[in-house]
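*Asks:* For the record, the sequence lines run as chains V and A.
Counting along the first sequence from 1, when you hit position 277 you're at 468 in my numbering, and nothing is skipped either side.
Counting along the second sequence from 1, when you hit position 182 you're at 373 in my numbering, and nothing is skipped either side.
Hints may be right or wrong, so weigh each one.
In this list, chains with the same sequence are indistinguishable; a pair is considered to hold if it fits within one copy or across any two.
Claimed, not checked - As a list, the in silico EDC-like pairs of lysine to aspartate or glutamate whose alpha-carbon atoms are at most 16 Å apart: (1) Lys-484 x Asp-388; (2) Lys-383 x Glu-356; (3) Lys-383 x Asp-282; (4) Lys-522 x Glu-502; (5) Lys-266 x Glu-253; (6) Lys-266 x Glu-322; (7) Lys-383 x Glu-500; (8) Lys-197 x Glu-472; (9) Lys-576 x Asp-559.
Hints in this document: simulated from the structure, not taken from any laboratory.
2 protein chains.
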Amino acid sequence: MNNALKATLAPTLRSWIESANALASDFPIQNLPFGIFSDAVNPQPRAGVAIGEWIVDLAALERAGLLDAHGTFDKPRLNDFIALGRETWRDVRIALSALLAQGNATLRDDAALRQRALVPRNGATMHLPVEIPGYTDFYSSKEHATNVGSMFRDPKNALLPNWSELPVGYNGRASSVVVSGTPVRRPNGQIKLPNEDRPIFSACRKLDIELETGFIVGRGNALGEPIACEDAEQHIFGMVLLNDWSARDIQQWEYVPLGPFNSKGFATTISPWIVTLDALEPFRTATPAQEPKPLAYLRHEGDHAFDIELEVTLRPEGARAATTISRTNFKLMYWSMAQQLAHHTVGGCNTRVGDLMGSGTISGPTPDSCGSLLESTWNGQRPMKLEEGGERAFLQDGDEIVLRGWCQGEGYRVGFGECAGQVVAARG
Amino acid sequence: MNNALKATLAPTLRSWIESANALASDFPIQNLPFGIFSDAVNPQPRAGVAIGEWIVDLAALERAGLLDAHGTFDKPRLNDFIALGRETWRDVRIALSALLAQGNATLRDDAALRQRALVPRNGATMHLPVEIPGYTDFYSSKEHATNVGSMFRDPKNALLPNWSELPVGYNGRASSVVVSGTPVRRPNGQIKLPNEDRPIFSACRKLDIELETGFIVGRGNALGEPIACEDAEQHIFGMVLLNDWSARDIQQWEYVPLGPFNSKGFATTISPWIVTLDALEPFRTATPAQEPKPLAYLRHEGDHAFDIELEVTLRPEGARAATTISRTNFKLMYWSMAQQLAHHTVGGCNTRVGDLMGSGTISGPTPDSCGSLLESTWNGQRPMKLEEGGERAFLQDGDEIVLRGWCQGEGYRVGFGECAGQVVAARG
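All chains should be modelled from the sequences, with the hints used to inform the complete structure.
*Replies:* Rendered as structure tokens:
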């Protein structure tokens, strides 16, 4: 990491955009996450960067000659920009950091340009930031895999033998990945009730969340050319929050032997702002000890976890207060993103710019740190109390779920914003 | 189906292109499958239709004012053409059938246009016909599921309880779907040997094929809006042959609990010509009896199977003769394509134009009708003899596998051409 890039991460850095300097802002000048937005003035989706309460219209800055991305900011997805490569992402980051830093007058004192290039976040519509050619979901939290294994298989052998040897993952459905704020319709499907001979067709009765993060591939690999574990982070553009909505009753009936399908394919929500790996660099921390020591192709030196605080809230329809239903941390994950990507490609599988790789449900060791209701209510047997009365075993129609995540720095935090979705009733 | 469309299917129809009238041609005038090709004269990939030993350059015919597809034939993938809708596919079919029919002089007697619009198939390069936004693989052969269940689980309860209630399927990896002729590199990966405590990293030792067909979605559905079983065939553009290459040793170790991943993601080969559902119409036949009777959302009246003969050959490197290692028929499949698509979307999952849906391995009741070596050699225990000596339990480097499929009409056959791939040695 060169000095110019390092300077963009200095904890002391402040912006002339005052709202970016608030202690609780997810979007200080150290963050600069990328997304796709539109607004009433210009309904054309285009690339932006969040800063405090504002969005920087990158296309407007490029037209003004202040950034250079070969016109890719004017597209409705970030893929073409991302495909320009890591040096370009970094050049844009360095240029933006300078433009937004306290003391830089170029944009600050140009009222006409500010008018064109700064859009209030609260009036903007956020779109899916990338076209997602492939969506893969991993299963890399030891606590989550242990909980699920105990519940559905055997508490004595909760963790299957392959789990500690490789980052178990499977292909998800890319078409139904939606951006935060998209309503989530409760799915219908086949459910097998315990006392019935045959399944019934019904609306899901055990609708659940999965608290995850996801990373976006920034540089793909050719078919037959694996990505080495040591190089893998260079292929990652950034991270998002991800809610892998799950229909537990449909899942339990359908998933043997080929894995979850309709129980997951109805919606997967991601947060709209992609936080770059560069912005997360100061929060890099030690990967949990791995025992047994992974096979050579899964080994990497140094720190490959990131200290990201995570929180989930549930607000029933009409309620004033949301209830925090989980608090955990991404750094607990057993397998790193680098290991996931190395494993994904080791047999020759190719990846492409914009591919989304989910972490798997992130659970801590206690019920209040579980990333799914399945775990925290133990398959509905121990419902949780809500802030304003009532309880939840699984989700009810109207419930709004919000995932939040942030890295706590000294005097600032690098946040992800919200990954939200409200449950709507099943199709009649 | 209107009369003009019916006329394109008449068994007595003949073309002025003589090679299309050969009894053994896969591409008579009744077929007219769509693909993407390029040639030495024009290296730009574009849309074509196979007829006998020739390819009709559709873009050239559109420029000549003989077809109308809004310029979509000049694209390197068929998606934009397919997205124009079923009426357009049919109009193009009807127009082409007329142009190529015996007695029609428009193209036949225009030497200059013929020169531009007819390209010899043997000099052309075929490309992936569609951009594939999503690849789903089903598991719809009762014989295959029974064989695999007997081998890996319990011969007494080989078929899992959900199998006869729903078309089991899972998400595959779309990025590694390749066109016929692409070499297939033997994957490396984790293998767990029976007498070892831990897995090893090794080249796959049990490389296998899976004989499948696939269908291409021609009209998608919006998120939350299922496709009814009765309407499902209207969403299908056509079919291809599909070889779902499988690394059995990697698969066995990785697949619990979330399904196959690296064991499949290294390559999936499809044939280059998409045979439309319209061309297959005369070969529609009864779906096998389904017991128990499916739930209401999986029911359809009438015939929904297609009588497609299938054959697999294996030719070791340097051998003169290929050995036929399987012969079976698509009509044996328990679940129809319509049922697969209805099930895929019943929970709200959206599909998109170009989505590929694999049938699952197609196996008949006898060892010589199995769609995988896993089954025909019973996991390698009963190797098969090859034509020129030697035997095979699983694939060796240099082996060339060719899938072929055709519908036998009276005096003609509607064929798929070849779905071929040669195994190359693992990466060192």
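*Asks:* All hints are to be evaluated individually against the structure, with a verdict given for each.
*Replies:* Hint check:
In this assembly of identical chains, the alpha carbons of Lys-484 and Asp-388 lie at most 16 Å apart only when taken from different copies (13 Å versus 46 Å within one copy). Taking the shortest alpha-carbon separations for Lys-383 and Glu-356, only the inter-copy value of 10 Å comes in at or below 16 Å, while the best intra-copy value is 33 Å. In this assembly of identical chains, the alpha carbons of Lys-383 and Asp-282 never lie at most 16 Å apart, being 55 Å within a copy and 46 Å across copies at closest. In this assembly of identical chains, the alpha carbons of Lys-522 and Glu-502 lie at most 16 Å apart only when taken from the same copy (14 Å versus 52 Å across copies).
Only within a single protomer do Lys-266 and Glu-253 lie at most 16 Å apart by alpha-carbon distance; the minimum there is 13 Å, versus 30 Å between protomers. Proximity of Lys-266 and Glu-322 under a CA criterion of 16 Å is satisfied intra-copy only: 11 Å inside one chain copy versus 20 Å between copies. With identical chains, the CA atoms of Lys-383 and Glu-500 are never at most 16 Å apart, being 37 Å at best within one copy and 37 Å at best between copies. Only within a single protomer do Lys-197 and Glu-472 lie at most 16 Å apart by alpha-carbon distance; the minimum there is 9 Å, versus 65 Å between protomers.
Taking the closest pair of Cα atoms, Lys-576 and Asp-559 come within 16 Å of each other only inside a single copy of the chain (12 Å); across copies the shortest separation is 60 Å, beyond that limit.
Of the hints listed earlier, those the structure fails to meet are numbers 3, 7, in rising order.
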